[in-house]
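Line by line, the protein sequences give chains A and B.
Under our numbering, the first residue of the first sequence is numbered 1, with each subsequent residue one higher.
Under our numbering, the first residue of the second sequence is numbered 1001, with each subsequent residue one higher.
Taking lysine to aspartate or glutamate and the EDC-like style, the derived pairs with C-alpha atoms no more than 16 Å apart in a straight line are:
1. K75(A) <-> D61(A)
2. K117(A) <-> E105(A)
3. K78(A) <-> D1129(B)
4. K75(A) <-> D1129(B)
5. K1245(B) <-> D1188(B)
6. K157(A) <-> D182(A)
7. K72(A) <-> D1129(B)
8. K221(A) <-> D206(A)
9. K234(A) <-> D212(A)
Example chain B residues on the side facing chain A (calculated, C-beta under 7 Å, incomplete):
10. A1122
11. L1126
12. D1129
Hint data in this document are derived by calculation from the structure and do not stem from the laboratory.
If you're wondering where the values come from, they're calculated on a predicted model, not measured in any experiment.
Note that beta-carbon positions come from the ideal geometry of N, C-alpha and C, so glycine has one too.
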Amino acid sequence: MIKVANLKKSFTGQAVLRDISLNVAPGELIVILGESGSGKSVFLQHLIGLLKPDSGSIEIDGVDITTLSERKLLKLRKNIGYLFQEGALYDFMTVYENIAFPLHEHTRLRLKEIKEKVLNILKLVGLEKAGMKFPSELSGGMRKRAALARSVVLDSKILFCDEPTSGLDPKKSKEISDLINDISRRSKCTTVITSHDIYNSFRIADRLVLIDHGQIIARGKPEEIELSSDPKVKEFLI
Amino acid sequence: MQRIIQFFVSIGNALFFLGNVFFCALKGRIRWGEVLKQIYEQGIQSVIIIAMTSFASGAVLALQGYVMLNRFGAKEYVADLVALSLVRELSPVFSSFIFSGKAGARMAAELGTMNVNDQIVATRALGVDPIEFLVVPRMVACFLVLPGLVVFSDLFGIFGGYIIGVADAGIQSSTYIHQTLRAINYVDFFSGFIKTLFFSVAIGWVCCYQGFHTKGGSLGVGKFTTKAVALSYIVVVISNTVLTKIILAFWG
Ligand SMILES: Nc1ncnc2c1ncn2[C@@H]1O[C@H](COP(=O)(O)OP(=O)(O)OP(=O)(O)O)[C@@H](O)[C@H]1O
Ligand SMILES: [Mg+2]
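Model the full structure from these sequences, guided by the hints.
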């Protein structure tokens, strides 16, 4: 359960998030839609305490994470998968090593078990052949999939994905959206995705949230949003 | 006024950063595997150029020293001149310069690139402390590698002086070696060595801090890396003066 209440954040005088409140139920898949620069990435980074809000609170499973120290946050983040907009894979490690990294850090699995797990997940994201490559040798779509694999390898119950489909062609976008949907449904993961990919968001989301200039302008099931008469919403959906 | 405040804030941040590194290292959260990788990279990278520089400095000191000392009929003292200048002053400072230009720049650029590509914040998102994973190994490696390089540089420099002394100035080989060993007290060696330990922390600190806080894409990486190297030079030069004064006051 994630509860965000009255979240506000500005950078050097520029208000980026203005009063955002949002609840996400366990197992729910939410997509936050918004134009470029509307504050999606900033919002998502707040959800795992990478940024501190100016005011407001964020509760994850009953704990207000805005007051936690970095050390406590590090512990908390072990249980949360986070996919960065640009992937943020370690470029000095191979894809295999990148995916094995969280397992080495946070589990006591033996090398053999780690290997098995990594190979499984590589297969799941369709990168069986790319395990020994470095991130710089991958295409954008492959890099996204590798990064997704790294963020879900610990089977966490919460998953945040920042624009998983940006910069990909329609076919690849559909693939990766389905992949996230699959993973999320299979492990009953509470999932928050940001995107400006309207087509795929409507396909996979339980609920959609539209955000504009740091404010939520609409929220609801895909059917409800589609029927909305709000001019701003209509404009965005065209 | 704003600039002055900003200056003190950044000094405070840098000190806080160093405090974090020490805290982590003292608590034993040192990843020795990573340290070994870094030692290998930093050591290998600087060793040849340091050997060349020291050899050449030793040789030049001997050439110049001979011209002067020969006028007083004291050419054997070339050995003393070479050994003492190198061990007390030149090796620690020159090696630190070269080290910060190679290993320091490398650390700053690596961390800087990681930061602009979100790899450092991704480390935090994975629940791993980036100071522990990325900074502590680099700084510990610095602390271990640079003193080693300085000893190495002492030896090569003295060897450079020896070649000139024996081949060019016609000092007997045994005399030269004897003279060198007599000249260097442990105090001389340690006054250079202590400075080196200090420089190694300073270079690691400056370069890792700059890299860790690099902003502004590829331009930023260039800017912050140059800044890291320039700052290390300044820190080495200034702290060398202060430390020399302090050491001379205590040991003479
Ligand atoms: N660290 C920061 N310092 C200053 N301003 C920032 C910072 N991070 C984000 N911003 C500003 O916040 C606004 C929202 O940025 P954000 O990255 O959240 O947009 P976004 O909705 O994710 O856009 P995109 O779809 O392009 O990723 C932008 O105007 C940006 O300039
Ligand atoms: Mg974004």
